[in-house]
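In order, the protein sequence lines correspond to chains A and B. Heads up: the first sequence begins at 1 in this note's numbering, then just goes up one per residue. Heads up: the second sequence begins at 106 in this note's numbering, then just goes up one per residue.
What the hints contain is simulated information worked out from the structure, not anything from laboratory work. Careful: at least some of the hints might be erroneous.
Label pairs and their in silico Cβ distance ranges [as the list claims (entries may be wrong)]: (1) B/ARG183 - A/ASP74: 30 to 38 Å; (2) B/ARG206 - A/GLU9: 36 to 44 Å; (3) A/SER2 - B/GLU142: 18 to 26 Å; (4) A/LEU83 - B/SER107: 37 to 45 Å; (5) A/ALA6 - B/ARG183: 38 to 46 Å; (6) A/GLU86 - B/ALA111: 21 to 29 Å; (7) A/GLU33 - B/ARG210: 39 to 47 Å; (8) B/ALA111 - A/ARG65: 31 to 39 Å; (9) B/TYR208 - A/THR25: 17 to 25 Å; (10) B/GLN131 - A/PRO11: 16 to 24 Å.
No residue lacks a Cβ here, since even glycine has one placed at the ideal position from N, Cα and C.
Number of protein chains: 2
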Amino acid sequence: MSAFAATPEPPYYAVIFTSLMSDDTQGYAAMAERMLELAAQRPGFLGVESARETLGITVSYWRDRDAITAWKQDIDHRHARQLGRERWYAAYRVRIAYVEREYPR
Amino acid sequence: MSAFAATPEPPYYAVIFTSLMSDDTQGYAAMAERMLELAAQRPGFLGVESARETLGITVSYWRDRDAITAWKQDIDHRHARQLGRERWYAAYRVRIAYVEREYPR
């Protein structure tokens with residue numbers, strides 16, 4: 001799997017998730033891996049790019065807003081997000097963005 | 106400076122820049138720092154978030170597309186991008202995206 005997401009010709013959507021970890025990281029890595037597996041199976045999932053230093057940045061790409069909304073409502077994903085808020089993340093931001101251009105192609 | 110960009114209420118724009126470094130990193134760090142300083146002085150610059158593991162992800166936020174275009178045309182920035190393509194990056198992607206939502210606020 002390439003580090004780059006193999007996204008199609010725009011337009012499509014991006015979810016830019018930035019986070020700072022708390023001191024409690026128990027169970028986080030396994031859950032993150034599991035959520036990536038589940039997301040990748042969703043209709044409309046286009047790919048993901050991720051890096052962490054102090055700040056973690058994960059950008060997932062989606063066909064449209066409906067695909068993002070459906071994944072947000074997934075029960076396992078809801079549970080994971082709740083644990084994230086309660087335990088793993090000191091702070092986070094989510095930005096939903098409409099990708100208009102991508103280059104080089 | 107917080108790791109998170111202090112972006113305003115959407116809408117605004119994001120430039121999602123993902124990259125893989127080449128083996129030639131000489132001069133890269135100083136140039137990246139210089140470009141960040143210059144970008145931060147541009148009208149319409151809203152902030153930046155960055156992380157690198159294997160993949161580097163830098164998301165810069167801008168008031169509108171005109172601000173992005175003006176920064177893209179900056180002569181020092183053009184020179185830096187040329188060096189990036191020729192020396193520092195094995196591969197990269199740029200995505201221009203319209204941020205519709207941000208939470209929590």
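Here is what the structure says about each hint:
In this structure the hint that B/ARG183 and A/ASP74 lie 30 to 38 Å apart at CB is violated, the actual value being about 44 Å. The hint said 36 to 44 Å for the Cβ distance between B/ARG206 and A/GLU9, and at roughly 23 Å that hint is violated. Between A/SER2 and B/GLU142 the beta carbon distance is about 32 Å. The supplied range of 18 to 26 Å is therefore violated. Checked against the hint of 37 to 45 Å, the pair A/LEU83 and B/SER107 fails, with Cβ atoms roughly 24 Å apart.
The given range of 38 to 46 Å is broken by A/ALA6 and B/ARG183, whose C-beta atoms sit roughly 28 Å from each other. At roughly 25 Å, the beta-carbon separation of A/GLU86 and B/ALA111 lies within the given 21 to 29 Å, and the hint holds. As the Cβ distance of A/GLU33 to B/ARG210 is approximately 29 Å, the hint placing it in 39 to 47 Å is violated. Between B/ALA111 and A/ARG65 the C-beta distance comes to about 25 Å, which lies outside the given range of 31 to 39 Å.
For the pair B/TYR208 and A/THR25, the beta carbons lie near 23 Å from each other, so the given range of 17 to 25 Å is met. At about 38 Å, the CB distance of B/GLN131 to A/PRO11 disagrees with the hint of 16 to 24 Å.
Violated hints, in rising order: 1, 2, 3, 4, 5, 7, 8 and 10; the structure is consistent with all others.
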